[in-house]
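Following the hints, put chain S in place on chain U, whose structure we already have.
Sequence lines, in order, name chains U and S.
By UniProt numbering, the letter at position 262 of the first sequence is numbered 262, and the numbering carries on one by one without gaps.
By UniProt numbering, the letter at position 84 of the second sequence is numbered 84, and the numbering carries on one by one without gaps.
Read the hints as simulated data drawn from the structure, not as lab findings.
Since this is a predicted model, take the numbers as computed values, not measurements.
A hint or two may mislead.
To spell it out: a stretch of chain S is covered by chain U in this simulated footprint if at least three of its residues, at any positions, have a beta carbon under 8 Å from a beta carbon of chain U; those stretches are [as the list claims (entries may be wrong)]: (1) 34–48; (2) 107–120.
With a Cα cut of at most 27 Å, we get these calculated DSSO-like pairs of lysine-lysine [claimed, not checked]: (3) K15(S) / K42(S); (4) K51(U) / K119(S); (5) K99(S) / K51(U); (6) K33(U) / K119(S); (7) K82(S) / K19(U); (8) K19(U) / K99(S); (9) K251(U) / K281(U); (10) K60(S) / K82(S); (11) K119(S) / K29(U); (12) K19(U) / K184(U); (13) K325(U) / K286(U).
Backbone N, C-alpha and C define an ideal beta-carbon position, used for all residues, glycine too.
Chain residues, written in single-letter form:
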Amino acid sequence: MLDMPSEVFREILSRVPAKPLLRFRSVSKSWQKTIDDPIFIRLHVDRQLLKIQHSSIDGVGHLILRGDFDTRFYSLSFESLHCVKPSLLNHNPSYEGSPVGSCNGVMLISESKGNNLLWNPLTREFHRLPPLKGMSKKSRGLYHSVSGLGYVSATNDYKVVKIAQVFDPRDRSLKSETFVYSLKLDSWRRIKDFPFRISRLRGGIFLKGALHWISSTMPLKSMNDLIIGLDLETEDYCLLPLPTEISRLEKPPAKHLGVLDGCLILSCYYQIERLDVWLMKDYGVKCSWIRLFSVSAQDNIGAVETLRPIAYLKCKEEVLLQHDKKEFVWFNLETKLGKKIRMNGRPTTFSSQFCLASLVRLRDIVVDGGSNNAKRLARDKMNSAN
Amino acid sequence: MVTTDEKGPLTAKKKSVIIRSCDGDEFLVSESAAVLSTSLKKILEEKEDRLIHLSDIDNKTLAMVIAYLSTHADDGLSDDLKRSFDQEFVSGKEFDVLKYLVLATDTLQVTCLCYTVAKKMADIMKNKLVEWVRREFDIQNDYTPEAEAEIRRLDAWAWDDRQLEDD
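For reference, chain U alone in the conformation it holds in the complex (with noise of 0.2 Å):
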């Protein structure tokens, strides 16, 4: 026998995806030891999330869609680009809830009464948050939240970030609450507060160590967008720079943050004629805003004004785009030309979360084994029997 001395081991094993490593825990018990390695597993993410960079995601991850009319969820992965098959979950953590957010694998899914829980669709463990007791619904005035989930590396922890705001038109008033729920920690408790105004209500995009929302100025004086970056380490906000062109030219009425080969984007709706596609090469310089690509109505690749940039081929010079909630699209830049993923047994329509492949366990970061959720479940269990 080969005495592959562990390291090696590690490097070889690292690079294999995470669905095929689940089987390979049989193997043996020396493997399955090695796979299941916390460190092993944070060795595994970094190698799978470089991957992406290297524009493969042939294995490194999978798009969960959630279906509008349907309560459960499906996965689908990249292996043949033209033809493919969602397949159904037979693990389902939460009948209402919609995935907000992704992160190394774990998604934050949200249920309407504002239960919050973490999921690895991949390993299908997944943790409720504690309820979080902060502003209420009923406060007068038009209540927004949104959230997200990112990762702190210098801690091993993952956080969810929940801000939640009451603009009182008449006194033009804004109530502000920012909250964090640490993973290691499982307990939320409350921060800086957000310093703008947040108007749409979309998932925070985390890169970098840092959660982004796009937001207009505070109090509605002017209506120039920002990006605004919540550190999940140090906690502190920062603004990031919007490409020139789009702040000085021609103003669109829409617009999304989203996340490209490990690069921010922004995507820019002028109505149903064109869609532009700005990527932020390096991460807060300016004038490293490009623009990757443009969609017009004409180009024919389908209603522009729900189109969504999901993943970029670089090799191929290809961006997967969702269209409609209802079907997947490669467009070409080059050729400027779509083809359609032919998709068998879907949801009608559907939202889809892009989610690495990873082995991630929770239950490992949760700094007393999560003996505060125990606790809190024996309790819920008291006050239903009640």
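Coordinates of chain S only, in the frame set by chain U:
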């Protein structure tokens, strides 16, 4: 037997070293190629000796590593050419060959080749059956049949065996 490596012929006035495999074959390598291996670099810094004996790398594996080092030491080649060389280098190689290669890169401390080979091995492994993995890594299954069945049951959905290969 002395083999000159292709990229650094003897006519060049460059310094060279002789590396001997465990089965006695000797390879003449330019010093600029040899020092890309961290271990060889250390040896060369420590002693004047121009003959290095490697007791655990066979001639076939050593020849491959040296071809890799010589290509990467060639300043005339662009990074793009080196990258496509790397691709070519691992493509079509048997898993068994890659195993010896990855061990040699560990002994010689050639990190970038180690990553390239590890990636190729992972690519081959991802569609294989557990039984194949046990055979290739010569691993004894130390689970009881019940324990193994239990592990497979927990992640049952990952066991869509239709596309998995056993060879």
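Verification of the supplied hints:
1. 34–48: Violated: only 0 residues of the region 34–48 of chain S have a Cβ under 8 Å from chain U.
2. 107–120: Answer holds; 4 residues pass the 8 Å Cβ test.
3. K15(S) / K42(S): Holds, at about 16 Å.
4. K51(U) / K119(S): holds, 11 Å
5. K99(S) / K51(U): holds, 22 Å
6. K33(U) / K119(S): holds, 21 Å
7. K82(S) / K19(U): violated, 32 Å
8. K19(U) / K99(S): holds, 22 Å
9. K251(U) / K281(U): With Cα atoms ~21 Å apart, K251(U) and K281(U) stay inside 27 Å; holds.
10. K60(S) / K82(S): holds, 21 Å
11. K119(S) / K29(U): holds, 24 Å
12. K19(U) / K184(U): Roughly 26 Å separates the two Cα atoms, so the pair holds.
13. K325(U) / K286(U): With a Cα-Cα distance of about 32 Å, the restraint between K325(U) and K286(U) is violated, given a limit of 27 Å.
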